[in-house]
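First to last, the sequence lines map onto chains A and B.
Under our numbering, the final residue of the first sequence carries the number 432; numbering is consecutive throughout.
Under our numbering, the final residue of the second sequence carries the number 577; numbering is consecutive throughout.
These are calculated hints, taken from the structure and not from any lab test.
Mixed in with the good hints, there may be bad ones.
Derived lysine-lysine pairs resembling DSS-like cross-links, with alpha carbons at most 27 Å apart [to be verified]: (1) B/LYS538 / A/LYS230; (2) A/LYS30 / A/LYS221; (3) A/LYS392 / B/LYS499; (4) A/LYS409 / B/LYS499; (5) B/LYS482 / A/LYS200; (6) A/LYS389 / A/LYS226; (7) B/LYS499 / A/LYS204; (8) A/LYS389 / B/LYS502; (9) A/LYS407 / B/LYS499; (10) B/LYS499 / B/LYS511; (11) A/LYS407 / A/LYS3; (12) A/LYS392 / B/LYS445; (13) A/LYS3 / A/LYS30; (14) B/LYS499 / A/LYS389; (15) A/LYS409 / A/LYS392; (16) B/LYS499 / B/LYS538.
Quantities reported herein were computed from a predicted structural model and do not represent experimental measurements.
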Amino acid sequence: MGKYFQEEIETASREEIEQWQNDGIVDVVKRVYENVPYYREKMDALGVTPDDIKSTKDMHKLPFLTKDDLRDAYPYGLLARPLKDCVRIQSTSGTTGRRVVAFYTMNDIHLWDTCCARAIVAAGGTDEDVVHVSYGYGLFTGGPGLNGGSHMVGSLTLPMSSGNTDRQLQFMTDLGSTILCCTPSYAAYLAESIHERGIKDQIKLKAGIFGAEAWSEEMRKDIQEKLGIKAYDIYGLTEISGPGVSFECECQDGMHVNEDYFIPEIIDPKTGEPLPDGEKGELVFTSFAKEAFPLIRYRTKDITYITREKCKCGRTHARIHRLMGRTDDMLIIKGVNVFPSQVEEVLINQGMPANYQLIVDRVNNSDTLEVRVEMTPEMFSDELAAVEKKEKEIVAALKSMLGIYAKVKLVQPKSITRSEGKAVRVIDNRKI
Amino acid sequence: MYINQISVFVENKPGNLAALTEFIAKHNIDLRAFTLVDSTDYGIVRIIVKDAFDTITLLKDNDWICKLTKVIGVKLPDKPGAMATIMGIMAKNNINVDYAYAFVAKGTTDALMVFKVNESEAEKASAVLSSEGLKVISPADLESM
Ligand SMILES: [Zn+2]
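Let the hints inform the model, and build the full structure from the sequences given.
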């Protein structure tokens with residue numbers, strides 16, 4: 001197997017890619033307008049019909065779709081094919097209320113597996129590799145996605161799922177796992193366990209494909225050094241298919257979006273206006289090739305920028321930069337605008353996974369901000385002074401980012417309030 | 433020669449320390465030593481057990497934040513001022529002690545002292561103590577304690 005999983009597609013000319021996308025957008029708009037009343041009503045409300053959409057240049061006329069729409073339409077409201085054509089669901093939790101359910105036909109599963117296969121080959125995978133999948137299996141897309149991609153490449157697939165470190169390490173050494181797929185925080189944890197037991201010489205890993213949470217360059221360097229591997233970022237979301245919507249190549253300089261299936265856009269999160277390449281804004285996807293659950297202009301709330309320049313690896317598909325935060329709602333504290341994504345950026349810059357919560361309160365007519373941060377093995381030391389020093393560094397970094405003082409409280413893992421598995425980022429106790 | 437100490441992060445809030453001790457009891461973790469240092473917001477529990485690797489894996493898999501630290505264990509001679517004597521030996525040899533604590537070995541009246549020095553000086557510290565005729569504890573000694 002060569003450098004690409006599907007060379008002709010992955011290195012197609014920009015003209016070819018644009019042609020696929022122009023055909024794709026016309027087709028998908030027609031399909032949803034005819035088959036999905038929810039879309040038809042939204043388009044009718046804006047006075048847009050399928051005839052108005054002749055190419056991707058007309059996309060700005062189409063309404064956006066948000067997670068709220070997916071919740072409103074739960075469970076079948078956005079289904080574009082009869083239920084009997086669907087073979088699978090996957091699901092993701094929301095911050096409030098209902099879950100989001102995504103449907104797949106056999107072709108949709110094939111499309112998703114193909115995305116993951118491209119990601120595995122881009123990370124150096126072949127049919128001689130042993131792919132160790134430690135993402136969760138079940139409704140979560142991480143495990144099933146990489147599992148399917150690995151089958152397609154022809155690699156030996158170890159469906160480990162998450163947890164049970166002893167068993168993970170035993171299989172890794174006994175069966176000679178070469179590619180590890182999991183969240184970056186679990187990779188860091190495994191790296192530490194391997195280091196502690198002094199079994200690095202029994203590990204055959206050469207690459208890791210890590211996604212499903214935000215991570216920093218520092219964390220990448222750390223994992224690469226500790227495990228002696230090359231670590232690749234992967235991005236995806238259940239609503240669009242799952243992991244593999246975009247993936248890194250050996251250049252580690254942005255993640256290639258599978259543009260034969262998905263159209264990425266960057267918009268101004270406030271006005272909704274499309275932004276030019278290279279400008280930071282909210283990432284929006286149209287999954288035009290999906291059969292059961294195609295989404296049009298779905299707002300991911302993820303902040304990044306896009307480049308369509310040809311990559312040194314030879315791939316021509318657009319790249320999105322490592323995620324730079326979320327378009328969460330802005331808070332006004334002591335008259336200063338504060339975005340939770342700023343706090344996240346500070347934590348990521350400090351080399352920490354972004355497990356945090358902001359507690360805003362009003363004491364004696366003055367706003368207070370407390371940032372709770374879940375302790376990680378990397379931050380922890382067996383000496384109080386070292387932990388206190390780390391805490392002070394976070395306070396200082398927050399002060400310079402936000403312009404206000406925030407008390408930092410280090411808390412135990414998983415102690416931050418979660419709703420349906422997702423952390424509650426902001427608790428505002430001010431009675432205004 | 434060194435032994436492995438496990439440090440566990442414990443947030444200072446009601447019931448948290450109890451949760452850790454209950455966890456230890458529930459899993460029949462055989463404790464050799466247990467000490468706590470704390471600030472207003474959090475504490476660090478340091479424990480010494482028979483099998484540090486198994487225990488740290490169990491703790492981590494259950495979401496306790498912990499770390500393995502190499503520490504030196506030494507048997508305290510049964511005479512007044514023994515602890516000061518050991519600290520004196522360290523000072524004489526220019527070895528900085530980050531922290532130290534003492535505990536009594538199970539089923540005996542033997543007092544043991546545990547101390548942490550810079551990792552690069554651990555070998556030296558253990559050699560100096562042995563040369564002064566003190567018994568430095570090995571992981572194998574922990575097994576039989
Ligand atoms: Zn590339």
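List of violated hint numbers, smallest to largest | The structure conflicts with hints 1, 2, 10, 11, 13, although it agrees with all the remaining ones.
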